[in-house]
Amino acid sequence: MKDIFSLALICEIAAEFRAVDISFDADAFIARSMEGLNKLELTGRAAHIADAMRVYLPVRFAEAAAVIDASLGPELPPTGKIGGAALRYMPHVLFVRKYGLDDYEAAMRVQAELTKRFTAEFSIRAFLVKYPERAYEQMLVWADDDNAHLRRLASEGMRPRLPWAPRLRAFQHNPRPVIELLERLRDDPVPYVRRSVANNLNDIAKDHPELVIETCRRWAQEAPEGRTWIVRHALRSLVATGNQDAIRILGGAANPSIRLSGVAIAPQRVTLGGNTRVSFEVVSTAQQSQRLLIGYTVHFVKANGSSRAKFFRLRTLTIHSGEKIALSATMSLATMTTRRHFPGNHRIDAIINGEAHPLGNFEVITSMSVPA
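Just so you know, we're using this note's numbering here: the sequence shown kicks off at 1 and counts up by one.
Each hint should be verified, as a subset may be incorrect.
[Said to hold, decoys possible] Label pairs and their calculated CB-CB ranges:
no., residue 1, residue 2, range
1, Arg269, Arg60, 37 to 47 angstroms
2, Gly344, Leu101, 21 to 31 angstroms
3, Glu183, Lys39, 43 to 53 angstroms
[As the list claims (entries may be wrong)] When the alpha-carbon atoms are kept at most 20 angstroms apart in a straight line, the in silico EDC-like pairs for lysine to aspartate or glutamate are as follows:
no., residue 1, residue 2
4, Lys324, Glu363
5, Lys302, Asp349
6, Lys310, Asp145
7, Lys98, Glu113
8, Lys98, Asp27
9, Lys130, Asp103
10, Lys116, Glu41
11, Lys302, Asp3
12, Lys116, Glu105
13, Lys98, Asp69
14, Lys130, Glu105
15, Lys98, Asp145
16, Lys39, Glu16
17, Lys2, Glu63
18, Lys2, Asp25
19, Lys130, Asp102
20, Lys116, Glu16
21, Lys98, Glu41
22, Lys98, Asp144
23, Lys206, Asp144
24, Lys116, Asp144
25, Lys206, Asp245
26, Lys302, Glu281
27, Lys206, Glu180
28, Lys206, Glu355
Read the hints as simulated data drawn from the structure, not as lab findings. Only a predicted model underlies this, so the values are computations on that prediction, with no experimental measurement involved. From the three backbone atoms N, C-alpha and C, an ideal C-beta is built for every residue, glycine too.
Kindly generate the complete structure, drawing on both the sequences and the hints.
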């Protein structure tokens, strides 16, 4: 992933700047950007290029932002899939975050355009900290915008626990302003936006579970399909920890009468970058039908050898007396932008209406040994 920030891309960025600003020294920018680049990882490379932008773009931030704005390519479709091509704008976003804080108006204008090509969720947080009231009012405006990227930024940028970003302590302490904004987006027509709303509520639930329970209980009443999905996804962490209020909102049975059979994990030894698959059967031992919220937790090994649990939803279903339902899931050990994997013993649990049922273990190794 880090290799996207290469000589070829830096030359492209330089050409784009040069096309809108004939005074831009493309050769010097390229040389400066390439100094020490190969020693850096993904974010470090983007920050390094952003620092080179600071040297060769106009000194006044408003003028630099105008060059960036004029150099941008077409908007992304509002699908939420930010691929490698969109990552090319990470240096631009980091430039705004680091060098644009003293020019609020120009920074907000260019972030509104950048988020349509990549995402400004990381840079906007610095403005929410420095200009809390003013930036919050802008987020409310964007929440009502016709552009789905801006509506999504209004939610994603205000997540108290956004991954890869400093926490927004003010909203972590008092998330009610965030809830007020999310009320405007709860029936958004675009799944990309609704997913951000659900993730935001899931963040808030880690510090204020009762507030999220209250919100989701209210939202679940006569909810259209899109909002029902938000509620289900927003409550996932609370369901995984056995919160009975969350389980009841989703229609789950308390203390379901079930047993598991046919558990299999294959392969049980998997190389980094590979896949393994878990399968099991849920058998009802109750005399009546039961509503089950079924997922699984993988206890991923971290770099220091400890583990971190991550919950994945599987299915929500009704199981009848004596019925057996087969379930399976494939787990990828490929490196992602949001998750790295490490060798070691990984535990898997089925989570059914908040109750953990051990499924077994699989071992992640660096490579398969080949017999001599």
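Against the structure, the hints come out as follows:
1. Checked against the hint of 37 to 47 angstroms, the C-beta distance between arginine 269 and arginine 60 comes to roughly 58 angstroms, which is inconsistent with it.
2. Separation of glycine 344 from leucine 101 is about 41 angstroms and departs from the stated range, judged on CB atoms against 21 to 31 angstroms.
3. Between glutamate 183 and lysine 39 the beta carbons are some 47 angstroms apart, a value that agrees with the proposed interval 43 to 53 angstroms.
4. Restraint check for lysine 324 and glutamate 363: the C-alpha separation of about 29 angstroms exceeds 20 angstroms, so the hint is violated.
5. A distance of roughly 18 angstroms separates the Cα atoms of lysine 302 and aspartate 349; the hinted pair therefore holds under the 20 angstroms criterion.
6. This hinted pair does not check out: lysine 310 and aspartate 145 have alpha carbons roughly 34 angstroms apart, beyond 20 angstroms.
7. For the hint pairing lysine 98 with glutamate 113, the CA-to-CA distance comes to about 17 angstroms; that is within 20 angstroms, so the pair holds.
8. This hinted pair does not check out: lysine 98 and aspartate 27 have alpha carbons roughly 23 angstroms apart, beyond 20 angstroms.
9. Straight-line distance between C-alpha atoms of lysine 130 and aspartate 103 comes to about 11 angstroms, which keeps the hinted pair within the 20 angstroms bound.
10. The straight-line distance between the Cα atoms of lysine 116 and glutamate 41 is roughly 25 angstroms, outside the 20 angstroms bound, and the hint therefore fails.
11. Annotation: proposed proximity of lysine 302 to aspartate 3 is violated, straight-line Cα distance about 24 angstroms (limit 20 angstroms).
12. Taking the CA atoms of lysine 116 and glutamate 105, the gap is near 18 angstroms; set against the 20 angstroms cutoff, the hint holds.
13. Of the pairs offered as hints, the one joining lysine 98 and aspartate 69 holds, with about 17 angstroms between alpha carbons and a cut-off of 20 angstroms not exceeded.
14. In summary, the hint linking lysine 130 to glutamate 105 is supported, as the alpha carbons are separated by about 13 angstroms, within the 20 angstroms threshold.
15. With a C-alpha separation of about 26 angstroms, the suggested pair lysine 98 and aspartate 145 falls outside the 20 angstroms cut-off, and the hint is violated.
16. A distance of roughly 25 angstroms separates the Cα atoms of lysine 39 and glutamate 16; the hinted pair therefore is violated under the 20 angstroms criterion.
17. Between lysine 2 and glutamate 63 the alpha-carbon distance is near 29 angstroms, which puts this suggested pair outside the 20 angstroms criterion.
18. Distance restraint check for lysine 2 and aspartate 25: the Cα-Cα separation of roughly 25 angstroms exceeds the 20 angstroms cut-off, and the hinted pair is therefore not satisfied.
19. Straight-line distance between C-alpha atoms of lysine 130 and aspartate 102 comes to about 9 angstroms, which keeps the hinted pair within the 20 angstroms bound.
20. For the hint linking lysine 116 to glutamate 16, the alpha-carbon distance of about 17 angstroms falls within 20 angstroms, and the restraint holds.
21. The hinted pair formed by lysine 98 and glutamate 41 meets the criterion: a straight-line CA distance of about 19 angstroms does not exceed 20 angstroms.
22. For the suggested pair lysine 98 and aspartate 144, the alpha carbons sit about 28 angstroms apart, so the restraint of at most 20 angstroms is broken.
23. With a C-alpha separation of about 27 angstroms, the suggested pairing of lysine 206 with aspartate 144 is violated against the 20 angstroms cut-off.
24. Restraint check: the Cα-Cα separation between lysine 116 and aspartate 144 comes to about 16 angstroms, which is no more than 20 angstroms; the hinted pair holds.
25. Only pairs whose Cα atoms come within 20 angstroms are accepted, and lysine 206 paired with aspartate 245 is accepted, the gap being roughly 15 angstroms.
26. For the suggested pair lysine 302 and glutamate 281, the alpha carbons sit about 29 angstroms apart, so the restraint of at most 20 angstroms is broken.
27. For the proposed pair lysine 206 and glutamate 180, the alpha carbon gap of about 18 angstroms is at most 20 angstroms, so the pair holds.
28. Between the alpha carbons of lysine 206 and glutamate 355 the distance comes to roughly 18 angstroms, so the proposed pair stays at or under 20 angstroms and holds.
Checked against the numbered hints above, the structure breaks hints 1, 2, 4, 6, 8, 10, 11, 15, 16, 17, 18, 22, 23, 26 and satisfies the rest.
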